[in-house]
Structures are given as C-alpha cells and as structure tokens.
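Participant: From just these sequences and the hints, can you work out the full model?
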Amino acid sequence: MKDTAKSDVRIGVFVCDCGSNIAGYLEMKELVEYSKTLPNVVFVQENLYTCSEGGINEIKQAIPKHNLNRVVVASCTPRTHEPLFMSACEEAGLNPYLFEMANIRDQCSWVHMRERETGTERAKAQIGMAVAKAARLRELKRIQLNLSHNAVIIGGGVSGMSAAMALGNMGYEVDLVEKEGKLGGLLNDLNMILPSNEPPERLLNDLVARLETNPKVNIHLNSIVSKTEGYVGNYVATISKNGEELKVKCGIIIVALGARVLTPEGLYGYNGKDVITHLELESLLRKGPIQSKNIVMIQCVGSRCAERAYCSRICCMTAVKNALLIKEADPTARITVLYRDMQMYGVELEEMFRKAKQVGVRFVTFDPEKAPVVKDGSVSVYHLRMGKEVSIPCELVVLSTPLIAQEDAPEVSTMLKVPINENGFFLEGHVKLKPLDFATDGVYLCGNARYPSTIREAIGQGLGAASRAAGVLSKDALFTSGIVADINAQTCCGCLGCVAVCPYGAINFFPERGVCQVNKVLCKGCGGCAATCPSSSARLDGFSNEQIYAQIEKALAG
Amino acid sequence: MAEEQFEPTIIGFLCNWCAYAGADLAGVSRLQYPPNMRTIRTLCSATVGPHQILKAFQKGADGVFVGG
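Heads up: the sequence lines are chains A and B, in that order.
Numbering of the first sequence is given in our numbering, commencing with residue 108 and proceeding in unit increments.
Numbering of the second sequence is given in our numbering, commencing with residue -8 and proceeding in unit increments.
Quick caveat, the hints were computed from the structure, so don't treat them as lab data.
This one's a predicted model, so the numbers in the text were calculated from it and none came from an experiment.
From the three backbone atoms N, C-alpha and C, an ideal C-beta is built for every residue, glycine too.
Some clues are possibly wrong.
Pair by pair, the computed Cβ-Cβ distance ranges are [as the list claims (entries may be wrong)]:
1. B:Tyr24 with A:Gln597: 37 to 47 Å
2. B:Phe56 with A:Glu305: 54 to 64 Å
3. B:Gly13 with A:His490: 47 to 57 Å
4. A:Asn528 with B:Asn27: 36 to 46 Å
5. A:Pro146 with B:Phe56: 21 to 31 Å
6. B:Ala12 with A:Val606: 28 to 38 Å
7. A:Ser303 with B:Tyr24: 50 to 60 Å
8. A:Val606 with B:Tyr24: 37 to 47 Å
As a list, the in silico DSS-like pairs of lysine-lysine whose alpha-carbon atoms are at most 30 Å apart [as the list claims (entries may be wrong)]:
9. A:Lys356 with A:Lys627
10. B:Lys50 with A:Lys143
11. A:Lys136 with B:Lys50
12. B:Lys46 with A:Lys631
13. A:Lys143 with B:Lys46
Facilitator: Structure below.
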C-alpha cells in the first residue's frame, strides 16, 4: 500500500491517567515511551486528566509551540469526550478533524483490570492505530446552513395543538395542518376526560381559542401536507386544501397524526345499536343517562390478538371510567367488565379501579381461548374462577376496541422518510433517549401517532416535541458534520449501488454525466455507500479505506 | 521448550452507535474480557467493506469481529 502519510505530519500524543482509572491498571511510562517511537510523533505528554482545564490548556499550548498538525488523545471514549478535544484543537487554530482518540480506558484499563501486561500491550496497539490513522487524516469542513424558524405540524388533535401552542408562544411561526374541518381530533367525540372527569369542551375550547388568537399560529383546516422536500432547517412543505397548494418553508416538522378507533365489524355481534364501542357509548352518554340496566363490557376486542398483538393501553381506563359514570347516574345498573388483564397504571387509575369495585362493578377474567359469546339478551363466558360457563343477561354490550393507526400513516411515513412499525404507529429514534425525535433530523412526533396515549400524555408529548423542535428553531445557523461521504466523479461508473443502500436518500444520480453525487447536507456519514461501491469511488471522509487499512496494519504489525 | 499458548489477535470493527457503545458499557460495568481485540471504530457496521475484512486477514488477523 502506498504510504500517503506525509513527512511533514507532526503528531502530538496526550496520554491520560484519568486519575487512577487508567494509570492504576496500565504501565503509563511504557505507553509514553512507546508513543515517542511512533512515526510522525514529535511530542508526547502524560496528563493526570487530559479533559481538565489544565489538560485542555496543555493541548492548546502544545499545538503552536511544537507546530503540531495532528493531535491524538489516549484516554476514555470518543463517544463522550471527542467533541471537547476537537474544540480544543479548533481553539488552537487546528482543523478539528485532524484529531483522533485512542480508547484506553472504557475499552482497555476497565476491562483488563487484572492483566496489567497484556492490557498495556493492547493500549499500545490502540495508540499506535490512532497515530497511524491520525497521520492520514485530512482537513474537513462543516457546512454552515441558514435555517427557517417556522414549524409545520401535521395533525390538529390535542397533541398537535399543544405543540403548536408551545411553539407559537415561543414566538415561532407555526402552520398547523388538520385534515378535518375542525381542530380537536378524538377530543371532539369524548364524553368525559380523565383524570379531571370533566367534559372535554373546556380543554378543547381553551386550546382552540388560544390558537386562534395567537398571531404566530396559522390554522389550516380541511388540509393535508401532500409533499415535503429538503432537510432539517430547510424543509418546504406543500399544504393542499381542496386542490389548492400552498408551499411553506419550515425548519422542522412535527408528526401529530393521531389515531382512530377500530370499528369491530364482525366481532361479538357488533351492530352499532345494542352492541357498540366505547366511543359510541360516550356519544350516547353525552346526550343523557342511558336506559339499559344490564350492561356487559368486553375488553381487548380486536387487540392483543394475532392480527394486532399490541395493547392499546387506554381502553381499560375508558371502560372503568364509563362504568363509573353509569353507576353514578343509576346505582342500580348492573355492569360486568369481561377482561383479560387490567391496565390501570398510576395512582389515580388504581384508585378509580378500586372505586369501581366498591360501587359494585363486576370484573370477570376471561381466557381468549374461550372468548365470551354475545347472544340475544345475554353474554355467556367461561368463568375461570368458577370453572364453568356462565350467562350474564344484558341489554347493552360495549366493546373496548383499540386505537389503530391513521390510514394515511404509511403515506406520511414515506413522504418524510420516517419509520412506522407493523401496526402503522410511528417509531421514535430511541425509546428512551429520543422518544419524541425521529432518527431523521428535524422531524418529531407526539401523541397517538406514536402509540395510544391518554390526553395528559398527548399534551405532555406535544409540549415535549415542541421543546425538542425549539432546540433547532432557536439556532442562528446549523452546521453539518464534516464526516460525510464523497464520490470521486472521475472513477464513478454510475452503477447506482450507493443510491440503493443510502438510508437517507442523500445520493443523487446525474444521468447526463453518468455519475452519482452526495448531498453533503443530507449525508449522515454512515459510510454504507463506501462499503458498497465496487470501484471505491465513494469514500467516507474521516473513515476512509486508507485510514482504516493503516489502523489494521498497525494493529497487526506488533 | 514449553509450547507457547496460542493468543489470537482479533480485529473488531465496532459501530459507534451500538457495538462501540456496548464495548464502552462493558468498561463502565467493569466486565472483564481477554485483551486480544484491537478495536476500530466505524460510524456504522454497513461501512465495513469486504476489502477491509480481507485486508485484516491478509495482514495476519486470526479473527475479525464486526459488531453493529
């Protein structure tokens, strides 16, 4: 292999003791002496803590003093400390991408605590590899992008409205796009909302009034977002209303599509009259007390089954809420809830469940293998405790059906290039670390589009998504990472192999020139194109073949 | 002469977002493992090309670990 490490490369190596975290388990003197023998290394310094102010200053001073043009720090993990050391280099006038780290703590001293000698050998190899790579690093540039400070929110339900209100109050222009003729989504169809047990109008009217009077919020009813282009900070969303199109620039997009209630056609004799869903029961309750004395509620109808394996989470509390409301209006009503497991989480719901049992709502478990059978005037079920079939007389059967994904969820998923799961719910970037973000920068999610949630959770998520979005909208400019792919137009044969593997749609093919080209703003630096390219024309800056080959050779040279 | 015990050298390509993070977590958790691996951080396991794996074997690696 041609050695392209230039002779004018001057590398400084900083070896960190990390107190006793590294120095307690590895031979530091040996590491320092070994580092001095490595090619192109002109300066080696041992620090008690390289990340301390003193350590950082030593890097900043050594760069001009020893005319360093590459810096290697052998310490902890780049996952936590690379940005700090990179900015130290930058402050000293060195391109931050001329920096490399050797992980000799998390992946060496801490995992080889009883193997001082061989652990030190590994640390030497890791430092040698980092130096070999550093010698081949190139200056990279971050691209500065201007951005739009506006937001587009798809969905005007309670989560979308909460997000719109939060962003509007922060002073960002918001376009709230609702496909129906009014705001509110499912909130419009409910009778009483938990845990305050009040009609939804108060919340709904309050939110709508505040949005309508907020000059920063533009409400688009009977509208959909039909097309989006661009990337974080610079999206263009097309809002379609009755065939008319409006293009708006925006920095971020929030997905708040919501969900809909499954209509249980063909299940338990559903007919919308005396076998109804809880949503239908709520609209009856809105009109006044119901006449039926004997009511059976069946849980998990169309959920937790082969077709829909998930638990819809909110049906148990809805059933208990409605049972309590009926009991309050008519204490002589006989209500039986047939359930598989009760999902009544948190202090308030537990309390509500206890209250329902106190006032005489009966709860009977059933086995899905021996599901209840709805007959004319009764429901028969195999009673697990009694070990026999029982028949419960009733005039009304209420089915708890799950929330299911919106019909347009797959289209929105394709349009924004964000994932949905097998049930059509949107998948967040990380269940714990990025619950309201997508992996795609600048696109966020909240509410039922993500998973069935309570109103309180939907509001919380809407505010949370707005706060995540404000993290981008509040910036004056955005910078891309310098570590992006590049395709050599001289050698690219236009096979489109890279286009097929790029998960971010960051590579364009130019047929007139027969070559592919990377959009460096969209590129996330995964390097899939570089691994696929048969002619090695695609290269990931900062992780090039040449750099990785140098690491491999150094690792195996000793 | 006593026969020296064979100690393999393993090149480990670890994805920054998962396997590399896992290797860091092993350290934070103080899980002990033999020091035979030499880690190369990649930004995605998809970036590890066949050429890189072959290069490792060509240069004498006894094993290649791709974690991603």
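Participant: Failing hints, ascending?
Facilitator: none
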